[in-house]
Amino acid sequence: MESNENDIGDILTCHKKRRESLIPILQKIQDKLGYITRGTVSEVAEYLNISESEVFGVASFYTGIHLTPRGEYSVKVCEGTACHVRAGERILDEVERKLGIKHDEITRDGKFSLERVACFGSCALAPVMVVNKDVYGHMTVSRVVEILRKYR
Amino acid sequence: MTEEARTVTLTINGQQITAKKGATILQAATEAGIYIPTLCYYQPLTPYGGCRLCIVEVEGMKGFPTSCTTPAAEGMAVSTDTPAIQELRRNVLELILSEHPYFCVTCDRREYCEQFRGQVQKTRMVVGCHTCPENGRCELQKLADYIGIGEISLPYTPREVPVLRDSPFFDRDYNLCILCGRCVRVCQELRGVGAIAFTYRGSHALVGTAFGRSLEDSGCQFCGACVDACPTGALVEKTAKWLGVPERSETTTCPHCSIGCQLELQVKAGKVINSIPALSGINQGQACVKGRFGIAQFVHHPARLASPLIKRDDILQEATWDEASQLIADRLPEYRGEQFALLSSATNTNEDSYIAQKFARVVMNTNNIDNSASFYQTPLLNGLIRRLGSGIIASSIGEIENAACIVTINGSVASVQPIAELKIKKAVSKGAKLIVISPFKVELCRFADSWLQNSPGSEVALFLGMMQVIISEDLVEQAFVDKYCENFNGLKESLAELKPDFVEKTTGVSWHQIVEAARCYATTKPASIIYPLGSIPLTYELDSVFAICDLAMLTGNVGKPSSGVNLLGMLNNAQGVYDVGASPYLYPGCQPVSEMRQKFEAAWSCKLPSMPGLAVTKVFDAIDKGQVKALYIFGQDALLMAMCSRYKDLLSKLEFLVVQDVFLSDTAYLAHVVLPAASFAEQDGTFTNTEHRIQPVRKIIEPINYARPGWWIGCQIAQKMHASGFDFSQSSEVMNEIGNFIPQYRNADDGHFGMPTRGREKAGDKAKFMPIDYEEATEAVDSQYPLILMAQPSLYCFYASVDVQSKMAGFSRLCDRELLEISSADAVKLGISDGDEVRIVSRHGESIAKAKVTKNVLCGTVCLKFHFIDSLFRLTVDRDVVTEPFEIKLCAVRVGKVQ
Ligand code: SF4
Ligand code: SF4
Ligand code: SF4
Ligand code: FES
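Heads up: the protein sequence lines correspond to chains A and B, in order. When we follow my numbering, the leftmost residue of the first sequence carries the number 2, and every step to the right adds one. When we follow my numbering, the leftmost residue of the second sequence carries the number 531, and every step to the right adds one.
I should point out that these hints are in silico values taken from the structure, not numbers from a laboratory. Values in this document were obtained by computation on a predicted structure and should not be read as measured data. Note that the Cβ used here is the ideal one computed from N, Cα and C, for glycine as well. Watch out, some of these pointers could steer you wrong.
[Unchecked claim] Straight-line C-alpha distance at most 30 Å; calculated DSSO-like pairs for lysine-lysine:
no., chain 1, residue 1, chain 2, residue 2
1, B, K1090, B, K1298
2, A, K18, B, K963
3, A, K17, B, K1055
4, B, K1090, A, K33
5, A, K17, B, K1385
[To be verified] Quick list of the computed label-pair ranges, beta carbon to beta carbon:
no., chain 1, residue 1, chain 2, residue 2, range
6, B, Q573, A, I24, 30 to 36 Å
7, B, G563, A, H139, 57 to 63 Å
8, B, L575, A, E147, 49 to 55 Å
9, A, C15, B, F741, 23 to 29 Å
10, B, L736, A, N50, 52 to 58 Å
11, A, K151, B, E690, 29 to 35 Å
12, A, H139, B, L736, 26 to 32 Å
13, B, R1343, A, C15, 24 to 30 Å
Construct all of the structure, not just a fragment, from the sequences and the given hints.
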């Protein structure tokens, strides 16, 4: 047994084997491991007797649940309607280029991870980019480098 | 309840209608022939209420309720098409169409599209219906017509996701997906698989798999239910994709397993292009991968025999029917009697097998007639007759879903009779308890209350343990036992000696689990035992069947709906082939040769041999000794066993060999005359399924090239040999004659049950319990051969030679060559990784396979697919053992990586 698997055994056993337990289980796992690993998806599926795709479907639905490891700095770019209209995609492209990763990936040194987010609720500031808890509004492509540099 | 209490009366669009209580407004309207547009509603699923296209107005109700979820109530006044509703629907549909190319939906020249389609469909991107593979089945077009969509104000934003082509049978182009969820729900709710789910959210929402894995790695069984459910061109078959709209479609019975699903075969230009599950029949709109994607390519397989062949100068050369049948008619007379044998395939229609046995008995004057299922099935059927008083295999597949407790043995029901598995899952969803007894982890384990993972071949010990618990805890249904059974005390005494630790040690299952399972089975009624034939090692199979029958009788689970012992046959007509008399011991109607000779002599006006004939294994013995000199193999792969080299040697000893097959099989090369048989799609007839339902087989297309129905061929030769009683011109005439001997087969092709399906209570005498001794394994493991190898059936294999299988697109990929499943623990110990080539060595021989490291098998056990019978022969049989059924499913082996 890999240690990872033992890790979530306790979490699983203190929940009932019911579909409703899925979200609480995923949250607890994330608290413990930082994100939902591939291995845990299959373990959770096995425990709850549902398919891995179902577990993944639920996990990927919630922005608060991560399926990829998160970097020291988690960069999020908004793709909600307001940001979309103001070319939020170009910001995302630029971040991807500058960090050399795609969304839902992590840089090799583990420093940055990148996510697309549906809406932060700060539409007045669109387009928006967030690094951990710092919110950057009215983003432009040229500001991306400068902001990322702060965290290097 | 009175009629009124069960119905409600309401008005829809001013028209008064009556509906069943509990029906939704949509159902009530549909029943009354009133159309309400729908999109996310899919009849076999529970209503979802997601798309809001089915909205209606109800007097006195606020807003616009969705008719698919709102129950019809007494006195309701419903309107379905007011301008306000249509306006709302238009908005909804426009929104949907902003994510789907809509030119095809709004184009006013659509009807000419098919005509001009040509090659354009090969473009990557769908930009209109002339590039959509949905072939006129698109529901969006129908909706747009009804709702009236002209110009669409929202711009179309393509998703621009790549088309997913990982499935061997269908492509997934989610650029055309409208997220109705029908595929997801059908896969989760109806098939109980959940290979696909909604993933992500908002504008990224898409139907997908965990981590975007392939369908195969997500547990998909390629049943195609999602393809059938999809209202758009997002999911379409690979093969039928570009073939356009079929000219016609007709219903017939699937030939690939003993369930006999009703399928609609679609035809274009004289060819079968597709097969869709029919709503009629036991399958009710569902099928499995073989019926859904394995029909067209089976019928039009490149290995199909095109014309009769005669061996001249050691080479098979084309000949006319006249030449071939004349040659046979000239040669056969010298072998009349004991020198001739005939083997009919259990895939033949009843009519074919009836003619086959009549040919052997009347024309060739011998009872040396057997069938391809007999090798494994005859002893079991005899066992059943002795115990339950009837050789009828299963009670009713449909009834399974109403059982309160289900015990499945070996779980391979999913690969052998997939529709039965659906019924089990349905029962579980209705609250049934499920106990799975299987050495391997199978899909059903996920649904089970308890999974007893026994070591291979230890089933009998496990059943004995359960019986002991039932008796010692006084869970026996005494009234039933007293009335219908004998020797209960004998059984009781023999079980008293059984020690729990012996059972634990033999089975590898904890006594506690066995006790729980026994209690559950004995107290939750009706309880049904489901056992796919051929899934237990042969050595233990008969005892297992006895033990299962005893379990059922002890608990009174016999002769009642949704109970009983359901042995599911492997081959599609394994039941019918016995009924019509393709057996050395039985005449048509299962009437014993030893007693009923006079009756049949009178009926067929000829003299018949008085002694029963040779069973197939004995025939080979007789060939070896030179007693049988001519053999007629009648039907598709009737001699799959012949792939064993030992049998091949024997066949070449024959003076005259006739092989009649759909394909050019390995055996055919050894024949003196080869006759091309029509496939099931090219002839009329009947198959009898595992629950004894006599089902129609229809001639959908003309026979390919010079192929002919088996019964026609038999009659042709018989007539050339101047025999009378073979002047049939249609299969229905053959069926009429069968009906003379088996009343239940009269007018039988309407699918009714042909015979009493419930054993004991119909039989005159009492069933006798007989103590069963647990036999120690003959194939014990030791330091030389430390692993137990077991053969398992595969969902993706056809009952056809490896050669035929290898040319079936998709199937060959999923079951391409020998895969040896091995547990991760054993793999690590032996230094084997996934995909490595490994050598398997047994006490009898050796074979090569590719390793598949899996969590599904126990440490100490390895598993091969049963289909690769050649390897199994090499591993399990000493070359000269051929005269008795032998253990082919279990042996001790060692496994090593090929360097
Ligand atoms: S083919 Fe069957 S199992 Fe596979 S995704 Fe579709 S519905 Fe599910
Ligand atoms: S793939 Fe088809 S069935 Fe599935 S959600 Fe999309 S449109 Fe509906
Ligand atoms: S379950 Fe059996 S009868 Fe039905 S489609 Fe599959 S192979 Fe054919
Ligand atoms: S069909 Fe009723 S809401 Fe979709």
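Do the hints match the structure? See the list:
no. : hint                           : result
1   : B:K1090 with B:K1298           : 19 Å, holds
2   : A:K18 with B:K963              : 16 Å, holds
3   : A:K17 with B:K1055             : 27 Å, holds
4   : B:K1090 with A:K33             : 53 Å, violated
5   : A:K17 with B:K1385             : 24 Å, holds
6   : B:Q573 with A:I24: 30 to 36 Å  : 31 Å, holds
7   : B:G563 with A:H139: 57 to 63 Å : 59 Å, holds
8   : B:L575 with A:E147: 49 to 55 Å : 53 Å, holds
9   : A:C15 with B:F741: 23 to 29 Å  : 26 Å, holds
10  : B:L736 with A:N50: 52 to 58 Å  : 25 Å, violated
11  : A:K151 with B:E690: 29 to 35 Å : 34 Å, holds
12  : A:H139 with B:L736: 26 to 32 Å : 31 Å, holds
13  : B:R1343 with A:C15: 24 to 30 Å : 43 Å, violated
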